[in-house]
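If you read the sequences in order, they're chains U and A. Take 1 as the starting number for the first sequence in the working numbering and just add one per residue. Take 1 as the starting number for the second sequence in the working numbering and just add one per residue.
Don't read these hints as lab results, they were simulated from the structure. If you're wondering where the values come from, they're calculated on a predicted model, not measured in any experiment. All residues carry an ideal CB built from backbone N, CA and C; glycine is no exception. Just to be clear, a hint being listed does not mean it is correct.
[To be verified] Distance ranges between label pairs, derived from CB positions:
(1) A:F170 - U:R32: 58 to 68 angstroms
(2) A:F26 - U:R67: 39 to 49 angstroms
(3) A:L217 - U:R32: 49 to 59 angstroms
(4) A:L171 - U:R68: 34 to 44 angstroms
(5) U:E93 - A:H250: 16 to 26 angstroms
(6) U:T85 - A:S58: 26 to 36 angstroms
(7) A:L59 - U:G101: 43 to 53 angstroms
(8) A:P164 - U:R32: 46 to 56 angstroms
(9) A:I165 - U:E77: 51 to 61 angstroms
(10) A:R63 - U:T85: 29 to 39 angstroms
(11) A:L171 - U:E77: 50 to 60 angstroms
(12) A:R63 - U:A42: 30 to 40 angstroms
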Amino acid sequence: MSTLLLGVVAATTGEFIPTAAAPDAFPPFDPRTFSAQLFWLALSFGALYFLMARIALPRIGEVIEERRDRIQRDLDEAARMKMETDAALKAYEQSMADARGKAQGLAKETRDKLAAQTEAERHRVEAQLNAKLVETEKRIAETKTRALTSVDEIASSTAADVVAALTGKQVSADEVRQALAKTRAASRAG
Amino acid sequence: MAAGADGGHSPISQFEIKQLLSLKLFGFDTSFTNSALFMVIAVGVISAFLILSMRGRSLVPTRMQSVAEILYEFVANTVRENVGQEGMKFFPLVFSLFIFVLICNLLGMVPGGFTVTSHIIVTAALALLVIGIVIVYGVATQGASFLKLFVPDVPPALLPLMVPIEVISFLSRPLSLSVRLFANMLAGHIALKIFAGFIGSLIAAGAWGIISPLPLLMAVALTALEVLVAVLQAYVFAVLTCVYLNDAVHGAHH
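Throw the hints in and build the complete structure from the sequences for me.
Below you can see the structure in the form of structure tokens.
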């Protein structure tokens with residue numbers, strides 16, 4: 001490629017030198033200008049290299065690096081915060097489950113206690129009622145017995161009165177009682 | 001093509017070195033010329049832009065800072081891809097070469113401007129700087145084994161043929177590096193000037209003036225092409241610098 005380009009250059013120079021206004025050589029190949037160009041190239045390129053290497057490039061590199069670090073830091077921070085959030089969420093769920101379990105335990109305990117209390121109360125009341133019932137039944141029985149006894153007495157006195165009115169004969173209470181007992185027995189047998 | 005040579009507006013007058021300030025140091029002519037002026041302007045523009053745009057050093061870059069950062073990343077990636085992380089010690093050099101060539105090329109596209117890189121002595125000096133660093137660094141880090149660069153991995157019988165080819169190939173590197181840039185800049189600017197000269201000549205030629213818009217269109221198209229070439233050649237220079245530096249850093253195992 002370089003030879004081709006050289007050829008092109010040679011062709012153009014060959015064509016232009018005769019028509020050029022200046023009588024000097026083709027300017028890019030004029031060695032009289034070389035030293036001045038080299039001197040100022042060395043000076044300006046040296047200054048440029050110094051400015052780039054010492055000031056401009058480190059500044060740009062610093063900013064780019066800082067941005068990269070910052071992004072990395074932020075990403076790390078975000079990851080860390082996400083982990084923290086996850087952990088907090090897990091802890092929350094755990095404590096929630098614990099609380100639920102505890103609440104259920106407490107509710108059960110309370111229920112059991114209340115049930116036991118109710119049961120005890122029921123037993124006590126039942127026992128009381130039973131006792132009352134037994135006593136009442138006993139009283140009824142007594143009253144009945146007493147009533148029956150008085151019925152017998154009334155019956156025998158009535159019977160004695162009836163006998164006395166019919167026969168005019170006084171009968172003793174014992175006789176009436178015996179007669180009644182005999183009749184009762186007979187009616188039972190009959 | 002003779003149409004371009006109308007009076008003082010020869011297509012090559014744009015490459016003339018004009019003394020602005022006569023100066024002599026150590027017996028050499030070190031005059032401040034239009035070439036030197038544009039070198040200094042390039043360095044000033046680059047430094048002012050890169051340093052001022054980074055003044056804020058903000059994490060969220062401004063537009064100017066973005067451009068500076070994109071340039072930085074672009075050259076840094078080129079170095080990393082071609083030389084590897086180890087090559088980053090040459091990053092300031094590659095960046096300086098790239099930006100210097102780029103801005104010199106583009107300043108040459110400004111009407112009335114001077115193209116520093118259209119002079120072979122400038123491109124040759126930059127190319128020799130690169131090759132010099134390759135040789136010095138290669139020998140300093142690898143010693144004699146740097147010479148393995150000239151011994152390709154071929155059957156020994158072929159070596160008498162291959163070694164001279166490799167040596168010539170190595171020596172042609174600074175030549176191709178400098179001539180490619182110089183010739184592209186020179187040829188492009190000459191072509192532009194010639195087409196621009198056609199416009200005036202055609203108008204002066206009376207009836208032929210009717211076709212004068214044609215070279216104008218051509219000049220416009222060539223200007224766009226030249227801007228592209230200006231950027232591309234700067235990039236090519238930087239990439240080839242990286243490729244050559246890779247030999248110095250990693251030796252012959254390519």
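Do the hints match the structure? See the list:
Between F170 of chain A and R32 of chain U the CB atoms are about 31 angstroms apart, so this pair departs from the stated range of 58 to 68 angstroms. Look at F26 of chain A against R67 of chain U: about 48 angstroms separates their beta carbons, and that is inside 39 to 49 angstroms. Judged by the Cβ atoms, the range 49 to 59 angstroms given for L217 of chain A and R32 of chain U is violated: they are separated by roughly 39 angstroms. Here the CB-CB span from L171 of chain A to R68 of chain U is close to 42 angstroms, well matched to the stated 34 to 44 angstroms.
The given range of 16 to 26 angstroms is broken by E93 of chain U and H250 of chain A, whose C-beta atoms sit roughly 57 angstroms from each other. At roughly 31 angstroms, the beta-carbon separation of T85 of chain U and S58 of chain A lies within the given 26 to 36 angstroms, and the hint holds. Between L59 of chain A and G101 of chain U, the C-beta spacing of about 50 angstroms keeps the proposed range 43 to 53 angstroms intact. A hinted range of 46 to 56 angstroms for the beta carbons of P164 of chain A and R32 of chain U is inconsistent with their spacing of about 36 angstroms.
Taking the beta carbon of each, I165 of chain A and E77 of chain U are about 58 angstroms apart, inside 51 to 61 angstroms as hinted. One distance hint, 29 to 39 angstroms for the beta-carbon pair R63 of chain A and T85 of chain U, holds here, with the actual separation near 38 angstroms. At roughly 56 angstroms, the beta-carbon separation of L171 of chain A and E77 of chain U lies within the given 50 to 60 angstroms, and the hint holds. Judged by the Cβ atoms, the range 30 to 40 angstroms given for R63 of chain A and A42 of chain U holds: they are separated by roughly 34 angstroms.
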